[in-house]
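Asks: Got two chains here, each in a separate frame; can you build the complex from them with the hints?
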Amino acid sequence: MASLALTLEFGGGMELLFGNVKTHKVTLPAHLANDRPTNIKALIGWIRDNLLQGKPELFISDGTVRPGILVLINDTDWELEGELDYELKDRDTIVFISTLHGG
Amino acid sequence: MESYPQDSNSLARENSQLKARIAELEAQLAQRHSEESKKTTTEQEPLPFVPVPRLSNHDIARYSRHLLLPEIGVQGQLKLRNAAVLVVGAGGLGSPCILYLAAMGIGKLGVVDHDVVEISNLQRQIIHTEARGLSQVTKADSARQTVAAINSQCAIRAYTCLLDSDNALNILADYDVVVDATDNVPTRYLINDACVLLNKPLVSASAIRLEGQLTVYHYHNSPCYRCLFPTPPPPETVTNCSEGGVLGVVPGVLGTLQALETIKVITGQKALEPPTLLLFSAFGSPLFRSVKLRTKKDSCAVCGTNPTITQLQDYPQFCGSQPVDTPLSVNVLPVDQRITCQAYQALCTQGSSPHLLLDVRDKVQYDICRLPNAVNIPWQHLRRDLDQLTRLTATEQPIYVVCRLGNDSQLAVQWLHDQGFTQAKDIIGGLRQWATDVDSDFPVY
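Residue numbers (the UniProt record's numbering), protein chains in the order written: chain A, 1 to 103; chain B, 1 to 445.
One chain only, chain B, in its complex shape (with noise of 0.2 Å):
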């Protein structure tokens, strides 16, 4: 190897001469990655969709373990040839539904999902790869390049877009079943009334942390989501996969039953059972419980005698929250009350203000990541036992509380203030931001 003898001004030069064209590189390959995932969206014209009335040689060859099943048989693998089935969300439930509907012979897939898939979704969204959550390749689509792999017979169609009130029944009409694999609450009323408005069955789950929950609305007899929940939950209530975790199985189990439920609501056998709703306790013993459902009810704005809801209404304004995953943004403290993470650093690197850091999250999240000389005190036990903070500092002293998102340690410092701990600071954007704007070595989950 050469080798030169260099000053320190040009190796300085070299440095930022090799970092420019690393930027270059970069940006080019972004770019083609991009284009590339555009390429895939806009490419993606399905196979026709052809009912046919028999069978041929390849489907009976393919699906002769069905034809075996005096439940399914010939009839019931030609409905399933035959339908054309919608799948809402292709995450941890979409996945192994939509796989299992592909291999299974469903004849028509629809997938709609405006997400692009993400490392973080990996773990569970079992029809997506590392390679499209690196270059950003929409949920859908990603579902689509995998059916395509699995069952090219099967015309699939990726819709990139968010199901909303203008878009839903136009999407909605071209299919018989539809199946709810959505993760929030103003697209499960949006997706409940659509169907009731078309009159499609609704195949619905849902999935957090350790446990689950299935039903078929709007089925012969069956409730819709709305005879049982009229009003929707406070959003406050609401919790979802990035905030509470989610075991990857969990939403497996459930999405597969959501592809079980399906082809029965297909081939017939669902109309013979009484409306249940399914509970799953990945942790619990038994791991599976069913719980009778009342039918339909009378009196529901949606699918009653009288409706008064004839058209799709604004779910977001009606539920108050957005249809996205992600937790609610609070913003509650005056400016003096709140301090930059950069601000905060510049604090500790001068060394001459003594304080008191403290870290509301959960023990699991501190054990996952935490700054130097955080003391944990989890919000939920701060609030019920002020004097584990009592014992660490005084009134008067400056303490500065931290959290993941910054939510939590505002709610935190507006309480401390109540409590007379006037010197207490929220650290803005929590350890997000601190790995965005102080270390980028910092763990970001």
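One chain only, chain A, in its complex shape (with noise of 0.2 Å):
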């Protein structure tokens, strides 16, 4: 089965929530059990599954990214690249990344 080498990339304080690690190599298999091809949405739940150490509500909300977090999709906002829905691509880099507030 074809699998997605991606490239996941937590800043802005999220890696805190991921064993204070900001990059993780990961392989998720391309299709889903549902046979439909592996999207941002997926992603943020096998996140959730595999990798997350905090508290789930630091990090997801409401089947999505909780609000402060931008997803960078190879350096794009992923308003750009069709959000939730868009199909993941071998070696694609995806960056979560909170907002920061202080000054």
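If you're looking for bench data, these hints aren't it; they were derived computationally from the structure.
Check the hints yourself; a few may be wrong.
Covered stretches of chain B (chain A as the covering partner; in silico rule of three or more C-beta atoms under 8 Å from a C-beta of chain A) [said to hold, decoys possible]:
(1) 81-94
(2) 196-209
When the alpha-carbon atoms are kept at most 30 Å apart in a straight line, the in silico BS3-like pairs for lysine-lysine are as follows [unchecked claim]:
(3) A:K25 <-> B:K292
(4) B:K292 <-> A:K22
(5) B:K79 <-> B:K270
(6) A:K22 <-> B:K363
(7) B:K264 <-> B:K296
(8) A:K41 <-> B:K79
(9) B:K363 <-> A:K25
(10) A:K41 <-> B:K292
(11) A:K55 <-> B:K264
(12) B:K297 <-> A:K89
(13) A:K89 <-> A:K22
(14) B:K292 <-> A:K89
(15) A:K41 <-> B:K296
(16) B:K292 <-> B:K270
(17) A:K89 <-> B:K296
Here are some chain B residues the structure puts well away from chain A; computed CB gaps all over 12 Å [claimed, not checked]:
(18) S64
(19) R124
(20) N151
(21) A155
(22) C161
(23) H220
(24) T239
(25) N240
(26) C241
(27) V250
(28) Q269
(29) Q311
(30) L389
(31) V438
Beta carbons: idealized from backbone N, C-alpha and C, even for Gly.
Replies: This is the structure:
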């Protein structure tokens, strides 16, 4: 079965939810059980079940990332790429970054 | 030196007289400082700001290094001279930003900040001084004093108020570009909405720990802050500098970049660039990363085609947090699960109450200072691995839990009770309160 090698990065304090590790190299199946291509929505669920060490509500809310987290697909705002429906490709880099407020 | 045969009574009397005299002198000194700081605040009649048609000979000499750059030149410098910039926040970001804007020849500067200078600000807020930290000068006024010393031609105005929904539109209206150098969520939404309503470009940055972010909002096709973040983050996910720490130079880098983006907006260069978010990571490699952002969002509540926000809102309510840079304060325990610092100290001096003193701060904080006999299990770790605690004590034994400010200790005690540790108690107010009530020599950070 085809698989996807992905680079996941967490920044802006998000790394604290992932054992204080910023970059995670992971492999996911290219298709889910229902035969649909793996998209960002599926990735978020996979991260919650496989990588997340902190409280889920600090990462996820209503089936998507909680407010205040920006998702970048290969250095582009995910809103330009279809958000949750973006179908992941081999070697994609997905960044989850918490917005900062200090100054 | 003369010597007096004195008994202990007369020594005690003299001691108390001297103490009274010291208190009297300290009160006078405090009074004088407060009068001086009031005086400098009211004496701040700004230079009149009058746009000019051409640079003076003085300007040509002073800004010659700018005039030699084709990207700035005489026309660019003249635009800086005739521009008015408002910087909201004279802290870590605002300090270098204000310094550079003033030095580079911006004609009119406004600085809004209601906080006073504190000693713990000085490792990053380089526009302020130790003397102003000791005499409680407001940050806006301190910034004004420094700017006056660097560039006497700059018409600078200090606003020593908190920016809010009542005053924001009036204050912002006088300026061409707004710089968001603040430290909290409600004020960021307030400034964004005010900029959209008044149609002003917004140069925004933030910094904490070792990271920073920079974006220019509401400029040409750029999104506004709400286009990207329509919903504010849950307050418990927001970390601030007094809690999370910040490396001095990090806001320094971001604030300096804000000054750069501001002059690019004023001279027109910025209009040529697509909207981006710049990410800075001080210990990362690469240091910088630029991310392509969406353009303006048609459905945005404030800058979209059919805006639902047409006047300023109640931002603390919208964000569920106050416009301050202090940690949330929690209060979740019944009285019988709490103990004051004094009562805990009394219990220790009696020596007859065996117990475990559990310090739930992070290790870096535990390394700064700790109470004798305190055992450190950070709150994050405790929750994940209760065995660390069961190896040390039994569920029916008393446990006293302490942290920095008395918030995490309450959450930990609540959780410990759920795990069956029925004798767990929270030390009210944490080590900060300990320093106030029990041991004035205990470090405060």
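Asks: Determine for every hint whether it applies to the structure shown.
Replies: Hint by hint, here is what the structure shows:
Counting residues of the region 81-94 of chain B whose CB falls under 8 Å from any CB of chain A gives 5; the rule of at least 3 is met. Only when three residues or more bring their CB closer than 8 Å to a CB of chain A does the claim for the region 196-209 of chain B stand; here the count is 5, and the claim holds. For a cut-off of 30 Å, the pair hint linking K25 (chain A) to K292 (chain B) stands: about 23 Å separates their Cα positions. Under the criterion of a C-alpha separation no larger than 30 Å, the hint pairing K292 (chain B) with K22 (chain A) is consistent with the structure, at around 21 Å.
Restraint check for K79 (chain B) and K270 (chain B): satisfied, since their Cα atoms lie roughly 14 Å apart, inside the 30 Å limit. Restraint check for K22 (chain A) and K363 (chain B): satisfied, since their Cα atoms lie roughly 20 Å apart, inside the 30 Å limit. Between K264 (chain B) and K296 (chain B) the CA atoms are separated by roughly 20 Å; this keeps the pair inside 30 Å, and the hint holds. A distance of roughly 48 Å separates the Cα atoms of K41 (chain A) and K79 (chain B); the hinted pair therefore is violated under the 30 Å criterion.
A distance of roughly 28 Å separates the Cα atoms of K363 (chain B) and K25 (chain A); the hinted pair therefore holds under the 30 Å criterion. Between K41 (chain A) and K292 (chain B) the CA atoms are separated by roughly 21 Å; this keeps the pair inside 30 Å, and the hint holds. Pair hint K55 (chain A) plus K264 (chain B) does not hold up; C-alpha atoms about 42 Å apart against a cutoff of 30 Å. Note on K297 (chain B) and K89 (chain A): the hinted pairing holds, with a Cα-Cα distance of about 27 Å set against a maximum of 30 Å.
Our distance criterion of 30 Å between C-alpha atoms is met by K89 (chain A) and K22 (chain A), whose separation comes to about 21 Å. A distance of roughly 19 Å separates the Cα atoms of K292 (chain B) and K89 (chain A); the hinted pair therefore holds under the 30 Å criterion. In summary, the hint linking K41 (chain A) to K296 (chain B) is supported, as the alpha carbons are separated by about 24 Å, within the 30 Å threshold. Taken as a hint, the K292 (chain B) and K270 (chain B) pair is honoured in the structure, with Cα atoms around 15 Å apart against an allowance of 30 Å.
Taken as a hint, the K89 (chain A) and K296 (chain B) pair is honoured in the structure, with Cα atoms around 27 Å apart against an allowance of 30 Å. A cut-off of 12 Å between C-beta atoms confirms that S64 (chain B) is not in contact with chain A; the least separation is 33 Å. For R124 (chain B), the non-interface assignment is contradicted: its Cβ lies about 10 Å from the closest Cβ of chain A, within the 12 Å cut-off. Every Cβ of chain A is farther than 12 Å from the Cβ of N151 (chain B); the closest lies at roughly 23 Å, confirming the non-interface assignment.
With a minimum CB-CB distance of about 25 Å to chain A, A155 (chain B) clears the 12 Å threshold, and the non-interface call stands. With a cut of 12 Å on Cβ distances, C161 (chain B) stays outside the contact zone with chain A, its closest approach being about 18 Å. Against the 12 Å criterion, H220 (chain B) stays outside the reach of chain A, whose nearest CB is about 17 Å from its own CB. The beta carbon of T239 (chain B) sits about 6 Å from the closest Cβ of chain A, which is not more than 12 Å, so the claim that it is off the interface is violated.
With a minimum CB-CB distance of about 5 Å to chain A, N240 (chain B) fails to clear the 12 Å threshold, and the non-interface call is violated. A Cβ of chain A approaches the Cβ of C241 (chain B) within 12 Å, the least distance being about 4 Å, so the stated non-interface status is violated. Not every beta carbon of chain A lies more than 12 Å from that of V250 (chain B), the smallest distance being close to 9 Å; the non-interface claim is violated. Its beta-carbon lying about 23 Å from the closest one in chain A, Q269 (chain B) satisfies the requirement of being farther than 12 Å from that chain.
Its beta-carbon lying about 23 Å from the closest one in chain A, Q311 (chain B) satisfies the requirement of being farther than 12 Å from that chain. Even its closest Cβ contact with chain A, about 19 Å, leaves L389 (chain B) beyond 12 Å, as expected for a residue assigned away from the interface. The Cβ of V438 (chain B) lies farther than 12 Å from every Cβ of chain A, with a closest approach of about 31 Å, so its non-interface assignment holds.
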